[in-house]
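If you read the protein sequences in the order shown, they are chains A and B. Number 13 in our numbering belongs to position 18 of the first sequence; there are no gaps in the numbering. Number 271 in our numbering belongs to position 4 of the second sequence; there are no gaps in the numbering.
Just so you know, these hints were derived from the structure itself, not from any lab. Take the hints with a grain of salt, since some may be wrong.
What the hints assert, rightly or not - For lysine-lysine, the following DSS-like pairs were computed, each having C-alpha atoms within a straight-line distance of at most 30 Å:
(1) Lys32/A x Lys464/B
(2) Lys527/B x Lys271/B
(3) Lys338/A x Lys316/A
(4) Lys304/B x Lys534/B
(5) Lys464/B x Lys430/B
(6) Lys271/B x Lys186/A
Here is what each chain is made of, one letter per residue.
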Amino acid sequence: MHCIESGNVAAAYGVKLARAQVIAAYPITPQTPLTEKLSEFVDGGEMQAEYIPVESEHSALAVCIAASSTGVRAFTATSANGLLYMSEQVHWAAGARLPIVMCVVNRGVGAPWTIWNDHQDSISQRDAGWIQVYACDHQQIIDTVIQAFYLAEAVSIPVMVCYDGYLLSHTYMPFDIPEAAQVDHFLPPFKPAYALDPSQPANLNTVTLPDIRPDIRGDLAPGYMEIRHNLHTDLRQAIENVAEIDARFKDTFGRGGCPHVEPYRSDDADFIAVCLGSLSYQLRDVADILRDEGLKTGVCGIRLYRPFPDEAVVDALAKAKGIVVFEKALSYGNQGALCGDIKAALYHSKQRPFVRNYIVGLGGREIKTADLLAAFRASCAQTDDETDTPQWIGLNL
Amino acid sequence: MGAKTTILNLPAEELVHPGTRACAGCGLGIVYRVGLKALGRDTILVVPPSCLTVLQGLYPIAATQLPCLNVTFASTAAAATGVLAALKVQGREHITVAAWAGDGGTSDIGIQALSGACERGDNFIFICYDNEAYMNTGVQRSGTTPRGAITTTTPIHGKPQHKKDMPRIMAAHGLSYVATGSAAYPLDLYDKIKKAKTMGGTKYIHLHTPCPPGWGFDTRYTVSVGRLAVETGLFDLYEIEEGVFHLTGPSARLVGKERKPVSAYFKTQSRFRALTQAHIAEMQQQVDETWAGYEK
Chain A
-4 MHCIESGNVA AAYGVKLARA QVIAAYPITP QTPLTEKLSE FVDGGEMQAE YIPVESEHSA
56 LAVCIAASST GVRAFTATSA NGLLYMSEQV HWAAGARLPI VMCVVNRGVG APWTIWNDHQ
116 DSISQRDAGW IQVYACDHQQ IIDTVIQAFY LAEAVSIPVM VCYDGYLLSH TYMPFDIPEA
176 AQVDHFLPPF KPAYALDPSQ PANLNTVTLP DIRPDIRGDL APGYMEIRHN LHTDLRQAIE
236 NVAEIDARFK DTFGRGGCPH VEPYRSDDAD FIAVCLGSLS YQLRDVADIL RDEGLKTGVC
296 GIRLYRPFPD EAVVDALAKA KGIVVFEKAL SYGNQGALCG DIKAALYHSK QRPFVRNYIV
356 GLGGREIKTA DLLAAFRASC AQTDDETDTP QWIGLNL
Chain B
268 MGAKTTILNL PAEELVHPGT RACAGCGLGI VYRVGLKALG RDTILVVPPS CLTVLQGLYP
328 IAATQLPCLN VTFASTAAAA TGVLAALKVQ GREHITVAAW AGDGGTSDIG IQALSGACER
388 GDNFIFICYD NEAYMNTGVQ RSGTTPRGAI TTTTPIHGKP QHKKDMPRIM AAHGLSYVAT
448 GSAAYPLDLY DKIKKAKTMG GTKYIHLHTP CPPGWGFDTR YTVSVGRLAV ETGLFDLYEI
508 EEGVFHLTGP SARLVGKERK PVSAYFKTQS RFRALTQAHI AEMQQQVDET WAGYEK
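Next comes chain B alone, as it looks inside the complex (with noise of 0.2 Å):
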């Protein structure tokens, strides 16, 4: 990655209005505030249902300053492509397009028009922010709610499947970028999505957003669980760029030193209080063979 950005040249101009509808210690506030800064004025945004759609207020507010499109659950990506096509006929081209949708929107019923998208490699931004459940519609699993973790779908013992791999999956389309980022590296997100800008084809970024309410956390909090989910390797930040992988920033600095252990990151959160020891166990093993591998 070039030159850093930091929080001293981060552009100063807001385009989310304050005054949003999300929930107190919203990780999605967070990307979102900052992806837009990274994304610009010039750029036209696409959002299924999803927690982002009531962020952005309710008709005829708007908390957005950049023109949006909301459209049905299936079809993020398909209405990206939309949007570009006829920004291609009217010779409109500079003007970017990101799609932003949650897990649910991206990882379940929005898969079949991403993946359509990626094969056809429609000049988009697809932006995953990943709350690990339904949390719109009550915190009901999703594809990519992680094992163990209790939701009002999963209510007793907690999500029995292991959190589907959405980056792995996008970059096995042959995107010329995929990356990872976290509410709680802010600048490290900027960036990316600023280079996503500069690539041609579909982008894919996937997000990491903490959710006080859904994972069950205190809202001051945010950032740390955030934090702790990288530091402990259980989410870790990287690029696949033409089909290279390297981790970057926060995860990168953690090769050769010694992680924080996954319990540290589930006693943080009521949503695993169900978790045994021998699932933490595991889990532990599972995120230190994925590191083994980091660092051969």
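Isolated chain A, as found in the complex (with noise of 0.2 Å):
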């Protein structure tokens, strides 16, 4: 069914089609609105779940990872300050290896209080553990929190799905909401591997130490780092199940095709503009508008951010010139934690383009295109790696 509806009840129809069975939640801008349209469907009826109305963003995981523990399928959402006071539990959730689905309907992060988009909140939660996929308009938001269930049971690895706070969560646009029997048979319900059973007792998440011990029958178990290693492996594993998930999801509701990056005009490009979520489509003008005077310019929208997708990152920028990336974050001392990861995987390639990086728009301050086309119609420029200091745009010092 095609309707007109903003990004956080795109999510929510995602979230009721994947028949969430707890969803636990405390109201942040800019995320409210989707909690708020969960718990109208719960209360009329029209979802069959539990809505727990928690008293803040710590306890909202943590009646989701009790939830998901005992075998049902679990949801919550947040954006910025609200991510980082659940922050003990999001490395919980991954450690515990619960199936959760969070979408990040992502802010700035205080102080000073903002309340506008950027993307801070979610990177730094980047190494929790958690698979972290960006979605850039409103039909990938509800087809990614779809596939988010299904991807975070088949690996028991939690999924945040992240989209742009008022930029995707307010807007209006057009999108398909797929009918529930297909996805029905798209996400069959969760199968968990265990779940909290008087009859079948077990002890979770108990004191490890740092070496590995025998259990009572005399068979060593796998002590805190082999558990961790799991968590990385399975997460590395992750990137192909991602590409598994999308084909599947192509096949029964004919969208994808790009599960990990998301390139635009990028096959024959010298130069890519690379970043997180909806600013992608602002990139795309601008590399229309440098096509036309005559420098070959790509996007590469990074869907996937972790586990990072290294070997579909270099097919589609390691034939480039340069690289420029666009980012509303900053590991700060350092430069942009996307700009990082692009570097790191180009390491190896044999024609390594050079990587540029612009901080845009962080506490929501306006990204206008004239700006963007300029940083990289500049960047188009450079023949070399002249500096490693991000540059930041629309600045009025």
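Starting from two chains that each stand alone, build the complex the way the hints lay out.
Listed below in structure tokens is the structure:
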């Protein structure tokens, strides 16, 4: 069914179609319309789920962690400081290998307070062991939410579906709401490997020692380091799972084909702009203009950010002369986090392109297409690695 | 309270394996063993980091025969809510959900999530075992450390503030059932947990659990120290049932009788060595006032 709705409502429909069984959330702008919509679905009897109006984000993820450990499909959503407040639980959910899905409606982080969009919130959680996927439009939001549950349950790793606050969460765009029967076929009910059960007692997340220890039968059990190594290797494996799930989704719904990165006119491009989220649409306009000027430019939106899809990134970028990474987040005192990842991925490529880094739109600062155009054009004139320092666009110093 | 359980009809089945990692003389060891008998096998436990995490053992061996979810420090009550929500979705609501947290995990870092769950009225039993400091991390003061007690963060003069009155805070949430208990009176706490299982909404049980290394007494005196706390009127055993307060068992029997002086309790533990006569007199007066209220 086609509709015109906000990005938050697109996410809510995705959660409803995925038949999440326990939803816990705490209000924070710009996530609120998503959880309001879900509470409306549950309260109105349209959705068979328990909606828990918790007293904090820390508790929101606590409810999801416990519900998932008890064997049901759990969902929450947050933004900015809410995500940071639950950060301990974010790490816990990954370590406990729970297939929770969480929407992060991207917003800048205080202090000072800002309620507007950038990516510092989810980027700050990139090393927690979650899968992170960034959507760039409303259709991707709803499709990614549905896929996220399948992916999370396939690999027993939680998934963050990230999308831009306001730019996507509060704007209205047309998108297709998949048929429930088709979604049920694509995403069968959750079958946990273990669920808390008095008839099969287990003590979950107990204290581990630095070394491995035998169990009561004398068999050595994995220790903390083995458990964490498994999380890492399973995350790396998830890169393939994402591709398989994308292919299955395309078979069923006819959409997809770019599971890891989303290239635009980049096949023959000399210079490629790279970004996360909705910025890729604006950069496509910029690339089109530069193409008209005779510069072979393209765009590569990164959809899967963790695990980082190195191979797909190298395939998409390594043939270019220059890569220009536009980022709404920063590893303070270093460079854009994505830029560092791109450089690392390209390190082994034979014809290593230069990589430039621009920081844009922090705290919702307007990103002017003319500014992007000027920066991208200037970068195309560059011939070598001029500087590692990220340049800032839109500053009024 | 209905028919009282006696040592003769207390269930013989043990749900805590022998050989736990509790310290010798641990008050928690007593209340946990008896408490699980009251909860029964059809129970899911939720436990934050605390002495109980240690008592239950190190991966991959566990001392408890019940399923247990270990959770982050501040999230105990919210996690109990999550287990409960999942059980409801699954139609397994006959299973009892019981959270066991220490005094820090309850009255300090855990109070926000606990208050939230109580306000929602989520149907589980929250048991706080109160050894009156952060014992698991090496005896740092907590919100329920009593006034004057020396801890590793009140090392010379003792804690200047009074003990936070957690059961009354819980009662102010309008819970169906709030009760106190003591490791020195295991049958009393057994009956209270059994009763909590029959009540709706959130239930709160606050257990006084003497701690030999933290309080500074010999491991053989756990029960006698616990009894003295009750006999001096410093830790009272009561129930608040649907808002109605009444003393129970050993505390009820003290009404109208002469209580032991609080100094008798303080003298048993080295943590009270910094208390002055003036402090002791002040605390005696407070206990006397509280009991004058009971006896009115």
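These are the hints, each one checked on the structure:
Under the criterion of a C-alpha separation no larger than 30 Å, the hint pairing Lys32/A with Lys464/B is inconsistent with the structure, at around 35 Å. A distance of roughly 26 Å separates the Cα atoms of Lys527/B and Lys271/B; the hinted pair therefore holds under the 30 Å criterion. At roughly 13 Å between alpha-carbon atoms, Lys338/A and Lys316/A fall within 30 Å of each other, so this suggested pair holds. Taken as a hint, the Lys304/B and Lys534/B pair is broken in the structure, with Cα atoms around 33 Å apart against an allowance of 30 Å.
With a CA separation close to 28 Å, the supplied pair Lys464/B and Lys430/B stays within the 30 Å bound. A hinted pair counts as satisfied when its Cα atoms are at most 30 Å apart, and Lys271/B with Lys186/A does not qualify at roughly 44 Å.
In the structure shown, a violation is registered for the earlier hints numbered 1, 4, 6, in ascending order.
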